[in-house]
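Sequence order for the protein chains is H and E. Numbering follows the working numbering, in which position 30 of the first sequence is assigned residue number 31; successive positions increment by one, without gaps. Numbering follows the working numbering, in which position 94 of the second sequence is assigned residue number 99; successive positions increment by one, without gaps.
One or more of the hints may lead you astray.
[Said to hold, decoys possible] To list a few chain H residues with every Cβ distance to chain E over 10 Å, as calculated:
hint, residue
1, GLU21
2, SER28
3, ARG65
4, SER67
5, VAL75
6, THR77
7, THR79
[As the list claims (entries may be wrong)] Here are some of the chain E residues that sit facing chain H, going by a computed Cβ distance under 8 Å:
hint, residue
8, PRO47
9, GLY100
10, TYR102
11, GLN103
[Said to hold, decoys possible] List time: in silico BS3-like cross-link candidates among lysine-lysine, alpha-carbon distance up to 25 Å:
hint, chain 1, residue 1, chain 2, residue 2
12, E, LYS42, E, LYS64
13, H, LYS12, E, LYS42
14, E, LYS73, E, LYS112
15, H, LYS58, H, LYS18
16, E, LYS104, H, LYS58
17, H, LYS12, H, LYS58
18, E, LYS72, E, LYS104
19, H, LYS58, E, LYS31
20, E, LYS72, E, LYS31
Derived by calculation from the structure, the hints in this document are not laboratory data. As the structure is a computational prediction, the values presented were derived from the model and not from experiment. Quick reminder that beta carbons are idealized off the backbone N, C-alpha and C, glycines included.
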Amino acid sequence: GAGVSQSPSNKVTEKGKDVELRCDPISGHTALYWYRQSLGQGLEFLIYFQGNSAPDKSGLPSDRFSAERTGGSVSTLTIQRTQQEDSAVYLCASSSLGGAVGETQYFGPGTRLLVL
Amino acid sequence: QQPVQSPQAVILREGEDAVINCSSSKALYSVHWYRQKHGEAPVFLMILLKGGEQKGHDKISASFNEKKQQSSLYLTASQLSYSGTYFCGTEGYSGGYQKVTFGTGTKLQVIP
Numbered sequence: 002g003a004g005v006s007q008s009p010s011n012k013v014t015e016k017g018k019d020v021e022l023r024c025d026p027i028s029g030h031t032a033l034y035w036y037r038q039s040l041g042q043g044l045e046f047l048i049y050f051q052g053n054s055a056p057d058k059s060g061l062p063s064d065r066f067s068a069e070r071t072g073g074s075v076s077t078l079t080i081q082r083t084q085q086e087d088s089a090v091y092l093c094a095s096s097s098l099g100g101a102v103g104e105t106q107y108f109g110p111g112t113r114l115l116v117l
Numbered sequence: 006q007q008p009v010q011s012p013q014a015v016i017l018r019e020g021e022d023a024v025i026n027c028s029s030s031k032a033l034y035s036v037h038w039y040r041q042k043h044g045e046a047p048v049f050l051m052i053l054l055k056g057g058e059q060k061g062h063d064k065i066s067a068s069f070n071e072k073k074q075q076s077s078l079y080l081t082a083s084q085l086s087y088s089g090t091y092f093c094g095t096e097g098y099s100g101g102y103q104k105v106t107f108g109t110g111t112k113l114q115v116i117p
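Generate the whole structure from the sequences, applying the supplied hints.
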């Protein structure tokens, strides 16, 4: 596609429910990243995919968070038993190769998650 | 480890200049600069590779001092469109790949 797309753009859920956030990277990009941005804060790294595998999951805040990527393309970030502190904007980015010096990351518009 | 940006926030009048600094405690391969407008995704501005490179892009330029592990973003003759949050991303080898770690951001507001 022309750019990174994410869905839904907004999600309101009740505490304790599970949510799934989707990311469609730029076609042909092998690297995919998930970040979390709390209100007025910086970009918190969550997970990095190279193809379908995730060599770096170090940023996932708890075992309620998981992510997968299928076919080297679409990725889904799942948050189980959501808590109010999970409320944030979840951003996805992709880059062409991943792991190479000086690669640009292209960001999607984000999913704004609000947990009531 | 997250790079440190300074200042955290700055307000400029149109036409004024600003400098945003980014420093890291780790050896760096490159520094990335992004700008994020309110409610939008971060947008790439430029990448500087190690070697003391300086780059320019319209009236926005940046330098990278790898010895000091620092980068600075220079905005000259600021325009209203420059308003937003600027993030530096420092790139280093971590966990078997080139990882970019983003700073906490500098909020820039340009007023008429």
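How the hints compare with the structure:
1. GLU21: The assertion about GLU21/H holds, with a minimum of 20 Å to chain E.
2. SER28: 18 Å, holds
3. ARG65: 22 Å, holds
4. SER67: Holds, since 18 Å exceeds 10 Å.
5. VAL75: The claim stands: VAL75/H keeps its Cβ more than 10 Å from every Cβ of chain E (closest is about 18 Å).
6. THR77: THR77/H clear of chain E: closest Cβ-Cβ about 19 Å, beyond 10 Å.
7. THR79: 21 Å, holds
8. PRO47: Status holds, d = 5 Å.
9. GLY100: With a closest approach of 5 Å, the GLY100/E hint holds.
10. TYR102: 4 Å, holds
11. GLN103: Holds. Min distance 5 Å.
12. LYS42/E / LYS64/E: 18 Å, holds
13. LYS12/H / LYS42/E: 21 Å, holds
14. LYS73/E / LYS112/E: Given that 25 Å is the threshold and the Cα spacing comes to 24 Å, the pair holds.
15. LYS58/H / LYS18/H: 23 Å, holds
16. LYS104/E / LYS58/H: 12 Å, holds
17. LYS12/H / LYS58/H: OK: LYS12/H and LYS58/H at ~24 Å, within 25 Å.
18. LYS72/E / LYS104/E: Holds, at about 19 Å.
19. LYS58/H / LYS31/E: 20 Å, holds
20. LYS72/E / LYS31/E: Holds, because 10 Å separates the two Cα atoms, which is no more than 25 Å.
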